[in-house]
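A.B. asks: From the two separate chains plus the hints, produce the assembled complex.
Each protein sequence line maps, in turn, to chains A and B.
Okay, so the first sequence: first residue is 1 according to the working numbering, each after it adds one.
Okay, so the second sequence: first residue is 1 according to the working numbering, each after it adds one.
Honestly, the hints are just simulated from the structure, not real lab data.
Keep in mind the model is a prediction, meaning the values are calculated, not measured.
Every residue, glycine too, gets a C-beta built ideally from N, C-alpha and C.
Treat the hints loosely; a few may be bogus.
[Said to hold, decoys possible] Here are the in silico distance ranges between beta carbons for each label pair: (1) 28(A) to 57(B): 15 to 23 angstroms; (2) 15(B) to 54(A): 47 to 55 angstroms; (3) 61(A) to 57(B): 35 to 43 angstroms; (4) 2(B) to 41(A): 15 to 23 angstroms; (5) 97(B) to 109(A): 39 to 47 angstroms; (6) 22(B) to 109(A): 38 to 46 angstroms; (7) 74(A) to 80(B): 43 to 51 angstroms.
[Unchecked claim] Not everything, but these chain A residues come out facing chain B in the computed CB check (under 10 angstroms): (8) 9; (9) 34; (10) 45; (11) 89; (12) 96; (13) 98.
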Amino acid sequence: EDQVTQSPEALRLQEGESSSLNCSYTVSGLRGLFWYRQDPGKGPEFLFTLYSAGEEKEKERLKATLTKKESFLHITAPKPEDSATYLCAVQARANSKLTFGKGITLSVRP
Amino acid sequence: GAGVSQTPSNKVTEKGKYVELRCDPISGHTALYWYRQSLGQGPEFLIYFQGTGAADDSGLPNDRFFAVRPEGSVSTLKIQRTERGDSAVYLCASSLMAGHQETQYFGPGTRLLVL
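Only chain B is shown next, with the shape it has when bound in the complex (with noise of 0.2 angstroms):
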């Protein structure tokens, strides 16, 4: 596609239940990230994918957050037990590869509202 696409755009929950969300990046973009943004912040980084294996995951907050991008592809986000404070933006991004002074490129973002 011509950009990073995240599915869905909006997606409102109840506390403690479990939600997807899913990441599809630019063509031949072998990296993959995924930060979250809050209200008046900046993003933060949560983890990074070269390839299919999780490069980095040190910015995930617990163990109810988990990615997978078992094709190299596409990637998904999963969040259990979901909590009013996972509320956020969840961004995106992808590049040609990873570090080397690569761009990266964002997506629309899925905005996360926990009930």
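With the rest of the complex left out, here is chain A (with noise of 0.2 angstroms):
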């Protein structure tokens, strides 16, 4: 059975104060590892798939990495405005559905 397990729970940084959040996997076949992003009484906005060990994208002050066996999610210098719960996602071969660890919540103090 697939699983993703993410950490910490929540994250209170201080602005500018850069950091990292887990997200550990265990899939049968990977076919991608995705990023969202959620706001309070929002749907999940996409952020980034990841499909092999290595491989690095960007966005602004996000930067997700991801190996065999778990993917970060480094955020550089963050904003009070990147305070949201960011959740991982993997989704293997065999499947299409998404397979969502619990998410992460972040809070950037100004």
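C.D. replies: In structure tokens:
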């Protein structure tokens, strides 16, 4: 069974304080690993897809990396508007559904 | 439309009642997914359609839940004899096609509260 574990559950940062969010996964044949951002009361918003170990993708202050067992979402010099829940999900080759972790709630203080 | 839309945005019902939740996917997307998200949890897969047919309904919790997509576009999730445990946010997503590394784009969700 595919599993995704995200840590920490919650993270509080000062504005400008860089950090990383972790996503550990087990999947029988990875098709893709997805990062989404979710604001309160909204649906998940797509950020990145990573397909193979060693791959990296960047968008503004965010950078996602992938190994064979985990993915990291690095946040450089975060701003208060980066406050949200960050969800990680895996998609196996055998099917099309996404298996999500519980998410990491990030709070950035000004 | 520009994105996935879902109606209603909120639904309050009484235990035992029947509800229908609607999803309108991004134009041209052939794959449509339903997920359920409880408070403090990530979305949990329910069912997905490729075209008009349900390709995988392994996530439906029991036979009170049913979904249709008769014309390959709009989908309706139907819940019979609702229970308090059905209270959650029901999310719909669509992608160009199923699998093949296609990104799933989510709607805003329907917040269902069963009293």
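A.B. asks: Restraint: residue 34(A) near chain B, CB-CB cut 10 angstroms. Satisfied or not?
C.D. replies: holds, 7 angstroms
A.B. asks: Could one say that the CB atoms of residue 74(A) and residue 80(B) fall in the range 43 to 51 angstroms?
C.D. replies: holds, 46 angstroms
A.B. asks: Honestly, do residue 2(B) and residue 41(A) meet the 15 to 23 angstroms range at C-beta?
C.D. replies: Holds - the Cβ-Cβ distance for residue 2(B) and residue 41(A), about 19 angstroms, lies within 15 to 23 angstroms.
A.B. asks: Verify the CB-CB distance for residue 61(A) and residue 57(B) against the hinted window 35 to 43 angstroms.
C.D. replies: holds, 39 angstroms
A.B. asks: If I claimed the Cβ atoms of residue 22(B) and residue 109(A) lie 38 to 46 angstroms apart, would that claim hold in this structure?
C.D. replies: holds, 39 angstroms
A.B. asks: Hey, does the residue 98(A) contact hint survive, CB to chain B under 10 angstroms?
C.D. replies: holds, 6 angstroms
A.B. asks: Given residue 96(A) was flagged as interface, is its beta-carbon under 10 angstroms from a beta-carbon of chain B?
C.D. replies: holds, 4 angstroms
A.B. asks: Under 10 angstroms is the threshold here; is the Cβ of residue 89(A) close enough to any Cβ of chain B for the hint to stand?
C.D. replies: Holds, about 7 angstroms.
A.B. asks: Range first: 39 to 47 angstroms. Now tell me if the beta carbons of residue 97(B) and residue 109(A) are that far apart.
C.D. replies: Because 42 angstroms falls inside the window, the suggested range holds.
A.B. asks: Is the hint on residue 9(A) kept, meaning its closest Cβ partner in chain B is under 10 angstroms away?
C.D. replies: Because about 9 angstroms separates residue 9(A) from the closest Cβ in chain B, which is inside the 10 angstroms limit, the hint holds.
A.B. asks: Under the criterion of a CB-CB separation shorter than 10 angstroms, is residue 45(A) in contact with chain B as hinted?
C.D. replies: Hint holds; residue 45(A) Cβ to chain B Cβ min 7 angstroms, cut 10 angstroms.
A.B. asks: Does the Cβ-Cβ separation between residue 15(B) and residue 54(A) fall within 47 to 55 angstroms?
C.D. replies: The hinted range 47 to 55 angstroms holds for residue 15(B) and residue 54(A), with Cβ atoms some 51 angstroms apart.
When held up to the earlier numbered hints, the structure conflicts with none and fits them all.
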